[in-house]
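> Given next are the chains, with one letter for each unit.
There are 2 protein chains.
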Amino acid sequence: MADRAETQEAIKVQGEVVRKLKAEKASKDQIDVEVAKLLELKLRLGGDDVKHQFVLKTPKGTRDYNPKQMAIREKVFNTIVGCFKRHGAETIDTPVFELKETLTGKYGEDSKLIYDLKDQGGELLSLRYDLTVPFARYLAMNKISNIKRYHIAKVYRRDNPAMTRGRYREFYQCDFDIAGHYDPMIPDAECLRIVSEILGELDLGDFHIKVNDRRILDGMFAVCGVPDDKFRTICSTVDKLDKMCWEDVKNEMVKEKGLSEEAADMIGQYVSMHGGMDLAVRLLEDPKMSQSKQACAGLSDMKQLFSYLELFQVTDKVVFDLSLARGLDYYTGVIYEAVLGPAGATTPPPPPQVGAPKAEESLSVGSVAGGGRYDGLVGMFDPKGRAVPCVGVSIGVERIFSILEQKAEAEKVRTTEVQVLVASAQKNLLEERLRLVTELWNAGIKAESMFKKNPKLLSQLQHCEESGIPLVAILGEQELKNGMVKLRTVATREEVDVSRADLIEEIRKRTSTV
Amino acid sequence: MADRAETQEAIKVQGEVVRKLKAEKASKDQIDVEVAKLLELKLRLGGDDVKHQFVLKTPKGTRDYNPKQMAIREKVFNTIVGCFKRHGAETIDTPVFELKETLTGKYGEDSKLIYDLKDQGGELLSLRYDLTVPFARYLAMNKISNIKRYHIAKVYRRDNPAMTRGRYREFYQCDFDIAGHYDPMIPDAECLRIVSEILGELDLGDFHIKVNDRRILDGMFAVCGVPDDKFRTICSTVDKLDKMCWEDVKNEMVKEKGLSEEAADMIGQYVSMHGGMDLAVRLLEDPKMSQSKQACAGLSDMKQLFSYLELFQVTDKVVFDLSLARGLDYYTGVIYEAVLGPAGATTPPPPPQVGAPKAEESLSVGSVAGGGRYDGLVGMFDPKGRAVPCVGVSIGVERIFSILEQKAEAEKVRTTEVQVLVASAQKNLLEERLRLVTELWNAGIKAESMFKKNPKLLSQLQHCEESGIPLVAILGEQELKNGMVKLRTVATREEVDVSRADLIEEIRKRTSTV
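Chains as they are written, first to last, in the numbering used here: chain E, 1 to 514; chain C, 1 to 514.
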C-alpha cells in the first residue's frame, strides 16, 4: 500500500506530465495513457475530489447501441438467424475469454491485436479474437466430428478503429460453419448459397461473391516461379489488390520482397482473370497451370463448385477471381469474400498492365462476408492431431449495421412493440387504467399505461405519436359507467366505442398485421 | 527478449515447481497458476514441443453452451424478452468492458472480484460486473431522463464458482429497469408484476417474491438503537438471514460487530415479521417504528405498493418480509427478491428465538430474481450530479438455465428447426436433391439434404429420427419420372405421393403447428 502523501505527490508529478503533453499537442492516444494513470492515482486516494471528474465515455473503439440501433440490429440478426435455421444449423456459445494459449499461434502477425486480461492470479486469459478458433477448440474438446452450427457473438481486436466505416475494437461476428468429412464442395457451395440468401434478404443493393482456392493460388505461385518460402508473403501482397493498384502491388513484390520482375508479371496476368466455371475449365488446360498438381486439384473442385452453385441458383452472384487471397493463415481450400457494389460481377476490373487504381466506389464499403475452408485447424487442438475438415462463412454485420443505420437516419424506427396505450380522459382514473392494462397483459397484449396519477390526455396521445403506438384505449367516467372503452387509432384519429368484453378481440384484429 | 537457452533453463526450473506442488497435493488454483507460467515459457520457445500439450478447456468458472443448452437458453430468453416487450421496453447494449474508473467505487468490497484487462497501452479497462452501472453511465452520458429498457448480456465476476448450482464467473444478466421521475410505486409495482409473469411462464413451480424497503430497514435500526455508523454493517449481517439461523446472525451482531444484546433482540423481533399490506398498516401504528420518519415513509409507500399489486393481480405472490436486506450499496428504496420453493409465502419461517436453521430445501436453488430502487446511481456519473430515479429487476437466468437443463436431461430437445429432409432412394440423385432443396429454401421452408453423393436411405431416415425432423421428401427414379415426391412422416412412417407442384403447400400444412 502506498502512503497517502506519496500518492498525492505522484498525482502532482503525473498532472505535470499530462499538462506538458497537452501543451505539446501530443497524440490523443499518448495523452489518454497518461490521463488514465493520473485517474488511477486519484482513485487510490478516493474521496470526493475524484467524483464527477472522470471521463464519461465508452472505451476507445467501442460503442453503446441505443434503442434505435438495437431495433436495426435485431432485424438484421433475425434475418441472418432465420437463414441459418432454414439451412438446419444448431447454435453454440463459448466464453468471451479463452486461455491465452488457446489463441497463441493461430493469427500470425495479428496476434499483437489480442486483448489480454491482467494476471490477477490463476490462468492467463485473452479475449477471443474471432469465433473460428473457439469453435475449433470446442470441436476438439468435445470430440465432435460432425456439426452444422452458427455462432453470433462479439469478438475483440486492439486494432486502430475506423468507426465511421463500421470498424470497431469490439464487434459482432456471425459465423456459420460446417464440420465433417463429406463429399467435396457440397458444404462449400451451401455456404455460398447462404451468403447470397442473406445479402439478398437484407436488401443492401447489388453484391457479388468472389471465390478462389488456396491451392490454385499456391499452384499459380509455383508455376510463376515464386520460391516455396515466399508463397505466404507474396500471397499477403496479392491480398492487397483490393486496396492497392497493380503497380503498387508489383512494386512491393519486386522491390520489398525480392521477387523477379518476370515472376511478378506472370502473376499479374493470372490475378487479372475472373469468370465462372468456364475460367476453371480454361485454366485446367492452361499450359503452365496444368503443370501444378495443386492447381489442378483446386481447379477441378472449382468446376465442381460451380456445378453445385448452378443447382443452388446463385451463379449470377459468384465470380471466380484469381486475385482473391484473404489474409488468414488457416485456410486450406476454397476461399470467398462478398463485396457490395454495382454489378461488380459483370464489369471486369481494369487490367493490371494499365496500372489504374481500382474504382474506389466499388470498394467504399468493403467486404460484407467472407470465409473459406480450413481443414487443419481442429487438428491443432486435438491431442491426437485428428483432423476435422471445416468450411464456413462469417457475415460482416458491423458493416451491415453501419449501412442500415445510415439508411435509417431519416426514417422513424419503432423501438418498442407496444400495441395499445391505456389512457384516461379525466383525473383519478389511475386504478382503472392499471386494472385494464392488467387485463390486456393477461391476454398477452403488449400494452402500457403512463406512470403518472393524472397524466393529461394530450401528453398520453403525444407519447403514442412519438413511439409509434398504433392504438389508444381511452377510459372516462362515461365509458366506465357503460362498460365501454373508446378505442382510438392514432394514425387516423378515428375513435370507436368498444364494449369491454370485445376489447381484446378488437385490439388483436387491428394489430394483427403489425 | 530472453535468450533461448535462458528460457529453456527457466522451463526446467518452473517444471520442478509444478512437480513439487503436485507432489505436495497443493490446491488446484495454486497448481494452475504455476502451470500457466510454465506454458507461457514454453510458448516463448514456440515450435512443436508446445503443440498438443496445452490444456483443452475453457477458463475456470466458464462453460461452453452446447446446442441442447442453447435451445433451452433461447426458449428462456424468448419468454423473458416477450414479457419485457409486452411491458413496452426498449433495449440497449453496452461494451463488455468499461473504463476501470467507471466501475470504481460502485461495488464496495466486491470490487476485488472485478476482472481487469492487462495494461497494453491506452486506457485502463475492466470487464463489466453488472448491467446496472453501465446503464447508469449510459443515462448520464446521453442525458436521458426517461427510459424503460431491458438489457440481456454477460457479466464477469472473479468469484469462487459453484458451477453445479448455476454460479459462474461469466454469466448472463437479464435486466429490466425504469428510469424517470414518476408518481411513487407505480413503476416499482410493474417490476414485481414482470417478475411474477416471467417466473409463472417459465413454469418453475412455486415461487414468491419478498419485498422490503431500505428506509424501513434504516428506520428499524434507528428505533432499535443501532448507532448510525453501524447501519450498513448490521444491514449486511441481516442479509445473511437467508443462509444462517437467527442465533448465528445475532452472535455476529453482538460479538463481532459490538451491538448491544438488547438492540439485537429487538431487531430479531422485527425481522421475523412478514405479511402483506396489513403488516405495513400495523407497523405504521407500531409505537417504536412510528417514531422514525424514514420508516414511516417506507411503510406508507409499502401500503401504496400493495394497493397497486392488487390491481396487477400479484398479491398472492408477494410477501412484505422485514428480513430481506440485499447486499448492494446503491439501493435507496424498495428492494425485492424472488425465491423458488413450496409456497414460502404462506408458511411462516421459524421464529428467530428458536434458533433453528431455515429449511434447507427452500433455499437450495436460492433467489431467481432480485432488484430494487436506486435513485442515486445516475447522479454519481452526471457531471452536474443531476439525479435520475431508477427502479429495476434482474432475472437470475443462470439458475433458471440450471434448473431447466436438469429437467431436460432425460428429455429429447430439438436443436434445429428443420421441417423436411430431402432424401434419395437410389444412387446418383445428388443433383436432383440439391435442385429440390433449393426450391424449398426459395419458398422459405427449413430444409436440408445430406452432404454425401450417395447416402443410404436408412442413414437419411436415421438422421431424421436423431434430430427430430418431422418430414422426409424422398426422390426416386419413379417419382422423378412422374413429377412426384414421396412425403414421409417420420413419426408414423406413413408415406404419401405428392405432386411436385403441391409439395410446398403440403409441407407447410403438415408443419404449421411445429
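Some hints here could point you the wrong way.
Unchecked claim - Selected chain C positions facing chain E (Cβ under 10 Å, derived; list incomplete):
no.	residue
1	Pro59
2	Arg73
3	Leu99
4	Leu124
5	Arg167
6	Arg169
7	Gln173
8	Gln313
9	Thr315
10	Asp316
11	Glu411
12	Thr415
13	Asn428
14	Thr438
15	Leu457
Unchecked claim - Counterexamples of contact, computed for chain C against chain E with all Cβ distances above 10 Å:
no.	residue
16	Arg193
17	Thr511
18	Ser512
Think of the hints as simulated: they come from the structure by calculation, not from any bench.
Note that the Cβ used here is the ideal one computed from N, Cα and C, for glycine as well.
> Looking back at the numbered hints, which does the structure fail to meet, lowest number first?
The structure conflicts with hints 5, 7, 9, 10, 11, 13, 15 and 16, although it agrees with all the remaining ones.
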